[in-house]
Structure formats: C-alpha cells, structure tokens
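> Given only the sequences and the hints, what does the whole structure look like? Please build it.
Chain order of the listed sequences is A and B. Taken in order, the first sequence gives residues 1 to 356; the numbers are from my numbering. Taken in order, the second sequence gives residues 1 to 229; the numbers are from my numbering.
Note that these hints are calculated values from the structure, not bench results. Misleading hints may appear alongside valid ones.
As the list claims (entries may be wrong) - If you want the ones that stay clear, here's a sample from chain A, every Cβ over 10 Å from chain B, calculated:
(1) Arg-76
(2) Ile-78
(3) Phe-82
(4) Glu-118
(5) Ala-213
(6) Pro-268
(7) Ser-295
(8) Leu-307
(9) Phe-347
As the list claims (entries may be wrong) - List time: in silico SDA-like cross-link candidates among lysine to any residue, alpha-carbon distance up to 20 Å:
(10) A:Lys-23 x A:Ser-2
(11) B:Lys-17 x B:Leu-224
(12) A:Lys-23 x A:Ile-57
(13) A:Lys-183 x A:Ile-57
(14) A:Lys-127 x B:Pro-144
(15) A:Lys-67 x A:Glu-8
(16) B:Lys-17 x B:Val-203
(17) A:Lys-106 x A:Gln-95
(18) A:Lys-127 x B:Arg-223
(19) A:Lys-106 x B:Ser-133
(20) A:Lys-183 x A:Gly-257
(21) A:Lys-351 x A:Leu-266
(22) A:Lys-52 x A:Lys-67
(23) A:Lys-127 x B:Leu-224
(24) A:Lys-106 x B:Arg-223
In this text, all values refer to a predicted model and were calculated from it rather than measured experimentally. Glycine is no exception: its CB is placed at the ideal position from the N, C-alpha and C atoms.
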Amino acid sequence: MSLSVAIEHRAGGFRLAASFTTKGRVTSLFGPSGSGKTTVIDVIAGLTRPLKGRVAIGDLVLLDTDKGICLPPWRRRIGYVFQEGRLFPHLSVRQNLLYGRFFAPKGEDLADFAAVVEMLGIGHLLKRRPRLLSGGEKQRVAIGRALLANPRLLLMDEPLSALDEARRQEILPFLARIRDEAKVPIVHVSHDLSEVIALADHLVVLDGGRVAAEGPLAAVMARPDVAALAHRQDAGAVIELTVARHDAAAGITLLEGAIGQVAAPLRPLPIGARCRIWLHARDVILAREAPVGLSARNILPVTVRGLVPHVDGSEDILLDCRGQALFARVTPAAVADLGLAPGQAIFAIIKSVALA
Amino acid sequence: MLDLTPEELTAIGLSLKVAFWAVAVSLPFGILTAYVLSRGRFPGIAILDALVYLPLTLPPVVTGFILLVLFGRRGPIGGFLAEHFGIVFAFRWTGAALAGAIMGFPLLVRAIRLSLDGIDRRLEAAAGTLGASPVWVFLTVTLPMVLPGVLAGVIMAFARAMGEFGATITFVSNIPGETQTLPTAIYTLTQVPGGDAAAFRLVGISVAISMGALIASEYLARRLGRRVE
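Laid out in structure tokens, this is it:
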C-alpha cells in the first residue's frame, strides 16, 4: 500500500510545498524544527486543510482540493499519536484504549485488544486514570489507543520528544515491535536522527517547508547534502549488519555486512539477528596506511568520495566502504596532513565500542 | 420551631418546584448558548453576549415588566403560546419559573462558558482522529470535561431562581398557592403585624436550603474536578 502526499500551504509567513510517495512500513519525516513536519501530518490526518493538495492511501483519496474532496478527520480513519499523548482525562486507561473502537465500522476485523495491550506492556494500567501514569506509560497508552481504532495509517508526531533519555529507550523497542507486528504503515515525525535510524525504512527530509531529499533510509543518509543538513546535530552513517558470532571471553560480538566483518561490544542478540548501527562521524579515525599495534579492532579499507565542510570549521569526509557510506569528522589540519582528496584510498579505523 | 403552617409549606414546595423547572428547562439552552459564545466566530456575537447577560444588570422589575409585556395573555409571545399550545405564563407558577429561568440564565451560561474556554481543545481533535464525529466529540469529550462548570452553573441558577423576587412579583404577582414563593411569602409576612416570627422561620429555611445547595455543589465539584484533572 502506498501513501502519496502533495501539499501547498501558507500560514503566516511560512510556506510549505512538499510532495512525496512512500511504500515504506515506517516513513520518517525528518528535519529541523519549523521545517513543516507537523503541518504535513496534520494535513494527512485532516486537522489542517491546505490551500492546495492531494493525499491518497492506495486508491482512496482523502483530500483533493482540485476536485473539492476533503474527508473530515473522523472519516479518514488515520491514527494519530500526539507529542503530548492527549489521553482523555475523564476516562480510565481501558476506556481510552477502547474509545476509537466504538466508532469503527461494525463487522470489521478489529485489532486484538489483548494482543495490543500485551505488545505495549500496559496490562497492569487498565484500571488507572491517565493523570496517574508516567510520561512513558501515557505515550504507550496513546499508541495503543490509536492502534485499536483500526487505522489505515498511523501518524506519530515526535512520540518520544516529551520523554527523558531513559524513557525513550523504554519506548523505542515498542515502536519497533509495532512496525514489525502490527500491519499498519507508520508515518513518523522526528528531529532526532537516532530515533529515525532505529525505526525508518523510508526517509523524507524536510527543510524550510520543502522536501530536501527522499528515498530508502540508507541511500538518503549517504547523500552529502542530506549529511550537511543532518550534521547540524550529528554526522554519521547508518550501517545494516547481522550477528555472525559471539565471543563471550573476548567480550565481543562479530557483526557482518556489506563492509565485511566488524567487532562490536557483546550484545544479547541471537546469531543471524539483524541490527542497525548509527556510526558517528567523530568515532571514525582516518589513516593513510593500515596501522599496526592499535587497540581499535576494526580497520576498514575505504575510498574518499567527498568533503563536506561543517559549520564549526571541521570537515566531514564522506567515505565509501564496498558500497556502504561512512563519515569521518576531522580538522582541516588533518585534511592537509593526509592530503585527503576524492578518489583516494585510505583506511578507516573504528573502535569496537563505537559500534554499540 | 418547625411547625409550619400549610401556607408556608406550600410556599416552600412551590419555590423548589419553580426553581427546579426553571433550571431543568433552561439547562439545554444554557449549554448551547455557552457553546456558541465560547466557540462561535460570527459578527454579532458581542450583541448575543450582551443580551444573555442583560438580566444580570437590569433592575429585576424591568425584566418582570418586559416579561409581562411579551408573555402576558395579550403579549405577542404569550398570546401565541396560549392560543396554539395552551401554555399560559401570566399569574401562574409557570410564569414564576420563567422569571427565575431568565434571571438565572446569565449565571448558568457564564459558569459553563468559563469551563468551555478552559478545556484543552486538542483533546477534541484527538477524538476526531479516533473516528468521533463532532456531535460524538461533544457528548463524549467536551461535555464530561465541562461537567464541573455545568454543575456550578446549575447551582447558581437554582439559587437565583429560588430567591427571585422583583421580576416574579411584577410578572406573576403574589398569589398564595399559585405564585407565592419563599421570597414573596416573606415579603408578605413582613407587611402584616405580628408576621415576624413566621418570617424568621421562612428566612431560616431559605438559609438552610442555600447552604445545603452550596455544600452539595462544592462536594460534587471536587469529586468531578478530581476526575477530569
């Protein structure tokens, strides 16, 4: 099933002109604050009516201003997990969860209440009132409420941003489970790269109300212009790997992927499990020759593809390792010392702990 | 102390009946008006606003006189209602209820409107994304959340209707058994020699009813308030 969105909108001094099509299970809208991410999903949900636009899920047209079609939100059946949860304070957790079910068309195969409650780990909260829940619990209930309304599509507006780091780590696995177990496509908004990388398979990068890049996650992340945009917070590359072998005595897990075999700290995953690693540019060291007598375990032959200047004066070097894009952040002095130039063959050195 | 005469009992019963019907009938209109004033965006809303609150600032006698002109047997509205529906207000207890409703209406609307202004409208949007149409959103989200405000408005309007004097006596006079409520009964007693003792009893009962209503509303508002926090 595909989602296609085309929007032209103006609100105050802000102009939004964005269009994209996605078939991804999780599509992330990524961009800095004020780039128009929330406006896009508000238009998809029907909470904002754009000046011009078309939104369709498969063959179902939700909005087409040219043809005068605009389904109201309650007919669209699009789940929305808001930044602040927005649970109904006068209802118990169970009543909140069942709210959307009351309005779902009769005779439809409803999402399994027990399964959703189990998946989100909220069984012990059902009798409570929302105000007695922690931030993380509220967000899990909000996700369950949206899922149980049998939506065609699930929108999530920075579902983790109101939470502290510990809570984020608590919720992320649940989001990954929804992606893998619930058969609802998700459109997810975030300005946090690590969240995007953990969840997305399709990425739409928004900047100043325009789509700066769009496509499969790894391909988009490898583009230098996107890198430059993302680098406002932290440069890095997404690496897809599978677990090859554990060596408990040495305290490492060997991971395999396009880049070959690398050593990472021991992680509790079964052999063959897939994992996605966000390798920060500042964790990659460059060398002209393969070094010896080093504590770093991972030395990868790479080719320099390009140099992206960073706002703070340092340079992000875009590297190619057997088709996998990597970034290394170095000072201009290092660029001069190593004589870095596109096409040059060098070595990238990565500490195992950077692959945690 | 409480050996009340049949006339006094009638006045108390009539007052409760008048206040009950005044609030019961005006409540749906009060909620609707508050909703329109809180959410409406149209020219002329300021005039509607002023009109609703007018009985609060007008001398009650003026309100009573306007009611008499409009709802009297030969009045444009009273005549119509009497002819087509057989509903008569003039010099009936129903007229006292109408006067009480009109005088209590601003208090009713004001409490509900303040509550409506204060609720988080984003919750209504959330209900919409879950499939609830605007009518269902109002019934399942908006109304339960403003319930403490509705309750406060009901109590204030009830008390106002119970104590209504000026408009009532102007509109429906002071007929024992038909339109003589607690305040008009007290007024009558103060006008006759030796009526003080009886007046005191009715005053005591008035105070008791008002106190009871306030305590009950405070208790209920707290319970409801805890639910929607």
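> List, from low to high, the hint numbers that the structure doesn't satisfy.
1, 2, 3, 11, 20 and 24
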